[in-house]
Amino acid sequence: MQPQLDTLAVVTDVAEGAVVVPQDSVPGTQADAADLVVVSPETEVDDFALIGAVLPEGVAAGDVEVRVRQDGVWGPWQQMEGLDGGPDAGTDEYASTGAVSATAPLWVGDSEAVQTRVSMDLGESAAGVELSLVDPGGSPADAGVVAPAASAGAATTAPAIVSRAAWGADESLRCSSVDYSPTMKAAVLHHTAGSNSYATPAEAVRQLRADYAYHTQTLGWCDLGYNFVVDKFGTIYEGRAGGVSRPVVGAHAGGFNKDTFGVSMLGNYSTVAPSPAMKQAVTDLITWKLSLHGVDPRGQASLTSAGGGTARWAAGTVRTLPAVMGHRDVGLTACAGDAGYAILPAVRDGALRGGEAADFVRALYADLLGRAPADSELDGWAAQVARTGDRWVGVKGFSGSQEFRRRFVSEAYADVLGRQPDTAGLTSWVNDLASGRATLDDLRVRLMQSPEFYQRAGGTDDGFVQSLYLRSLDRSSSASERAGWTRVVAQQGRKAAVQGIWNSYESSLRRVDRSYGRWLGRRASPAEQAYWSATVVTAGDEAMREAAMVSSEYLARARARF
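For the sequence shown, our numbering begins at 1 and goes up steadily by one.
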């Protein structure tokens with residue numbers, strides 16, 4: 001059975017059974033400084049487990065309280081919370097829904113009756129408050145959610161993610177189209193603000209299905225607002241449809257949905273700390289997802305506000321924000337709760353455990369410096385990585401070292417010019433890399449543009465193009481290819497030919513395969529080839545290498561090697 005949603009108008013007419021009383025005569029009412037409270041009759045309803053409310057003008061979410069009856073017993077009054085997500089203003093999804101004023105969904109568990117009370121000032125009316133009561137329905141997932149095995153993602157291993165089909169998503173509820181961002185710059189952590197009382201993964205997926213129904217049927221969103229949801233058992237669920245490895249635009253942080261993805265912790269983490277399993281799953285998921293786009297979890301992102309809703313800044317405002325942030329960093333909200341927000345430093349660090357730091361450092365020495373570390377070097381780097389829990393510290397530290405730069409320059413000379421650099425040339429390149437006058441991605445390209453490369457190729461345009469093919473594509477050029485590129489050389493210069501061949505799809509694909517073979521010891525999958533062959537042209541080969549080296553797959557290989 002798929003999710004079922006009932007709507008219930010809050011009765012505000014005394015003749016129909018509502019009671020209007022002074023606020024100070026209703027013990028425990030949450031709203032402050034209200035004059036009156038409208039208390040609806042106790043209403044029998046077919047089974048439901050989640051409540052939300054659509055609000056008229058002048059009624060705030062915090063003015064609405066509900067209580068439910070379960071197995072004949074009435075529970076306590078619970079105050080509704082404001083809705084803090086939504087589509088970005090100006091998008092088709094926003095235009096189709098409008099700015100719906102509603103509460104966040106409240107998971108109450110299987111219930112058979114509901115009662116509502118609304119606080120207001122004199123002269124105001126609670127008319128128009130409408131409850132949405134959601135029955136999450138049944139699904140084969142309720143018999144036991146089984147997460148799939150981890151799978152290879154772009155330059156890292158994707159954590160196990162339960163698909164929409166596996167948690168029982170009714171695909172008829174969502175829009176047929178999916179919007180994508182050009183890239184992903186940041187992760188936004190949320191909590192669903194529902195209940196933490198779910199005792200099994202089966203109960204967790206029921207809550208997830210109910211949220212999905214509320215987002216689509218009551219709020220009119222195209223799909224579940226979050227890109228991913230994580231439960232307290234450490235299970236990761238695919239949220240909004242469109243592909244877990246793709247930059248799907250969600251409705252999780254109105255104003256800042258573009259170029260970000262939303263990860264929501266199932267439950268309320270205002271005061272309750274996320275479980276260790278949830279914290280680790282959130283860390284693994286965010287680290288993997290950001291690695292697909294070469295984003296350092298400890299870095300920052302430049303984001304442009306679309307404004308509207310609860311966005312902190314007006315449309316067009318550009319802000320530099322953490323690459324891993326909480327919803328409150330971009331929205332006027334308490335999300336992801338104080339206890340949930342507190343895990344962000346650990347999520348950014350991607351903490352290592354036990355001897356993993358030492359194995360990781362040994363692998364960096366072997367792969368980047370071509371040698372084993374001295375005991376003092378191993379102890380120093382392992383302590384730093386373990387203390388911060390941040391593999392990026394090691395990767396960035398080694399990549400920025402003079403020893404690595406000297407080795408990198410020497411390898412580039414041998415590969416492109418067939419010789420070792422002279423002392424002056426080596427020193428000049430290392431200094432240029434250190435100062436930023438050159439980058440690691442520049443080096444081979446600039447050597448192929450050099451007069452020496454041209455002369456070593458025979459001093460002719462025909463020989464130059466042939467050498468470019470051998471260095472960039474690992475094959476000889478055909479007669480027609482040489483003819484085409486020698487025309488480019490004659491008309492635009494040797495630099496244009498180098499850039500054109502080096503940035504070609506074939507060259508990018510070769511570089512992806514070489515990088516995977518060197519750093520991960522395997523061939524790239526078709527999906528990885530497709531992603532990185534397009535990405536290395538803009539992000540560079542070094543972004544791919546660094547993403548591979550901070551991945552859980554690289555760490556697992558390091559542990560196996562040492």
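Keep in mind the hints are simulated off the structure, nothing from the lab.
As the structure is a prediction and not an experimental result, all values here were calculated from the model.
Where a beta carbon is used, it is the ideal one built from N, C-alpha and C, also for glycine.
Among the clues, some could well be false.
Per label pair, the in silico range of CB-to-CB distance [as the list claims (entries may be wrong)]:
1) D462 - D422: 37 to 45 Å
2) E57 - V178: 49 to 57 Å
3) T271 - R437: 51 to 59 Å
4) E130 - T271: 28 to 36 Å
5) T271 - A372: 43 to 51 Å
6) A165 - S478: 45 to 53 Å
7) R518 - E130: 55 to 63 Å
Here's how the hints hold up against the structure:
1. D462 - D422: 37 to 45 Å: violated (29 Å)
2. E57 - V178: 49 to 57 Å: Once the Cβ atoms are compared, 33 Å apart, the range 49 to 57 Å for V178 and E57 is violated.
3. T271 - R437: 51 to 59 Å: Taking Cβ atoms as reference, T271 and R437 lie about 52 Å apart, which means the hint holds.
4. E130 - T271: 28 to 36 Å: holds (30 Å)
5. T271 - A372: 43 to 51 Å: Check passed, 48 Å falls within 43 to 51 Å.
6. A165 - S478: 45 to 53 Å: holds (47 Å)
7. R518 - E130: 55 to 63 Å: The hint (55 to 63 Å, Cβ to Cβ) holds, given that R518 and E130 are roughly 60 Å apart.
Against the hints set out earlier in the document, violations occur for numbers 1, 2.
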